[in-house]
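S.K.: Sequence:
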Amino acid sequence: MRAYRQVGLAVRLPRSPIERLRGRLTGIERALGETREYVTWVQAAVAEVGSAVRSLSTEVAGLSAELAERDARVLEILRLSLDREPVQRQALRRARESPSYELAYSDPEPLVSVVIPTWQNYEALAQRSLPSVLSQTHQNFEVIVVGDRAPGGAEDVVRSFGDHRIRYVNLERRGPYPEDPAAAYLVAGVPPYNEGVALARGRWIAPLDDDDAFREHHIAALLELARREQAELSYGQFLWHHRDRDDERMGVFPPEFGKFEMQGALYHADLRFFELELSDALFGLPGDWAWCQRLLRAGVRCAMLDEVVVDYYPSAEWSASGVRS
Numbered sequence: 000m001r002a003y004r005q006v007g008l009a010v011r012l013p014r015s016p017i018e019r020l021r022g023r024l025t026g027i028e029r030a031l032g033e034t035r036e037y038v039t040w041v042q043a044a045v046a047e048v049g050s051a052v053r054s055l056s057t058e059v060a061g062l063s064a065e066l067a068e069r070d071a072r073v074l075e076i077l078r079l080s081l082d083r084e085p086v087q088r089q090a091l092r093r094a095r096e097s098p099s100y101e102l103a104y105s106d107p108e109p110l111v112s113v114v115i116p117t118w119q120n121y122e123a124l125a126q127r128s129l130p131s132v133l134s135q136t137h138q139n140f141e142v143i144v145v146g147d148r149a150p151g152g153a154e155d156v157v158r159s160f161g162d163h164r165i166r167y168v169n170l171e172r173r174g175p176y177p178e179d180p181a182a183a184y185l186v187a188g189v190p191p192y193n194e195g196v197a198l199a200r201g202r203w204i205a206p207l208d209d210d211d212a213f214r215e216h217h218i219a220a221l222l223e224l225a226r227r228e229q230a231e232l233s234y235g236q237f238l239w240h241h242r243d244r245d246d247e248r249m250g251v252f253p254p255e256f257g258k259f260e261m262q263g264a265l266y267h268a269d270l271r272f273f274e275l276e277l278s279d280a281l282f283g284l285p286g287d288w289a290w291c292q293r294l295l296r297a298g299v300r301c302a303m304l305d306e307v308v309v310d311y312y313p314s315a316e317w318s319a320s321g322v323r324s
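Residue numbering for the sequence shown follows numbering that gives the first Met the number 0, beginning at 0 and increasing consecutively.
The hints are simulated quantities; they were obtained by calculation from the structure and are not laboratory data. Please read these numbers as outputs of a predicted model, since none were measured by experiment. It is possible that some hints are incorrect.
As the list claims (entries may be wrong) - Cross-link-like lysine to aspartate or glutamate pairs, in silico, DMTMM-like; alpha carbons within 25 Å at most: (1) Lys258 with Glu274; (2) Lys258 with Glu276; (3) Lys258 with Asp305; (4) Lys258 with Glu215; (5) Lys258 with Glu247; (6) Lys258 with Glu306; (7) Lys258 with Glu84.
To be verified - Restraint ranges, calculated between C-beta atoms of paired labels, are given here: (8) Pro313 with Val52: 40 to 50 Å; (9) Leu20 with Ala60: 28 to 38 Å; (10) Phe256 with Arg53: 33 to 43 Å; (11) Arg92 with Glu178: 20 to 30 Å; (12) Arg93 with Arg200: 48 to 58 Å.
Built from N, CA and C at the ideal position, the CB exists for glycine as well.
Construct the complete structure from the given sequences, taking the supplied hints into account.
M.R.: Here's what the structure looks like:
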């Protein structure tokens, strides 16, 4: 308000609208200035935090890489400590010098031991794997079905065929498999398979999963290849029957990861000391591929047949169950 003096009295008149507006604008400008200062401070703080986060991320990435490298070294040391390659090389040399070694090649109709580990996949065992063995063109075989502490249905399936060439044994306990289902899947069926190999009486061993199927020439063709090439491990291609896409023909020489399946192979029975190992799960390796690597490192002679000898069906049973008892 403006002040006037008249007759000794002070009189204040109301401020004009323009003056009131100017006052409000001044207040707004002051508030905006304070807001700008605050925003500037916040931006500086955010930039500082961002710099700290980037620095921390770099440190974390470096630490993670260092830990990964250390883990890899520890795993490699562990693998080497478990690796029996020198012992297996010596065992291979002794096997080649044994009288039984050459008989596997000279016998015109050698006995072949087909080893099938199983758990509770009765339908596939009854309708796929066992019928495929019985229909082989090479008929001098034995089949050893080993239950992984399987329920009674597995034995019932074996008995239903009424064929004296099929034997059934059942382990008293399963595993012990890793607790992690993904790791357990890598070595599913290892104990029953090793048991079956230990019981095998044939000169050659042919692995087969209970849900896969030999082509009818499987044994005969791989035997002929082994004789011709003096191979201790002969294998063929396999047809992978995917659930969600077209079937895929696989198999290369020399064997490669993801392109080799044990059930597509036939190997000399004197190599039975090469066992499947549960410890392979520690290294994230499928048991059959780790087994193949051990054979290759030891110097086992291999040969491949460039045709499909087995139909491979990915197992839903093991992955769904987590391979736990």
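S.K.: Next step is simple, just say for each hint if it's right about the structure.
M.R.: Checked hints:
Distance check on the hinted pair: Lys258 and Glu274 sit about 20 Å apart at the alpha-carbon level, within 25 Å; holds. Taken as a hint, the Lys258 and Glu276 pair is honoured in the structure, with Cα atoms around 20 Å apart against an allowance of 25 Å. Restraint check: the Cα-Cα separation between Lys258 and Asp305 comes to about 13 Å, which is no more than 25 Å; the hinted pair holds. For the hint linking Lys258 to Glu215, the alpha-carbon distance of about 21 Å falls within 25 Å, and the restraint holds.
Between Lys258 and Glu247 the CA atoms are separated by roughly 11 Å; this keeps the pair inside 25 Å, and the hint holds. Annotation: proposed proximity of Lys258 to Glu306 holds, straight-line Cα distance about 13 Å (limit 25 Å). For the given pair, Lys258 sits about 23 Å from Glu84 by alpha-carbon distance, which is consistent with the 25 Å threshold. Evaluation of the 40 to 50 Å hint for Pro313 and Val52 yields a pass: the beta carbon distance comes to about 43 Å.
Restraint check, Leu20 to Ala60: a C-beta distance of roughly 58 Å breaks the suggested window 28 to 38 Å. With their beta carbons about 38 Å apart, Phe256 and Arg53 fall inside the hinted range of 33 to 43 Å. Taken as a hint, the range 20 to 30 Å is violated for the pair Arg92 and Glu178, whose Cβ atoms sit roughly 39 Å apart. Evaluation of the 48 to 58 Å hint for Arg93 and Arg200 yields a failure: the beta carbon distance comes to about 20 Å.
Hints 9, 11 and 12, counting from the list given before, are not met by this structure.
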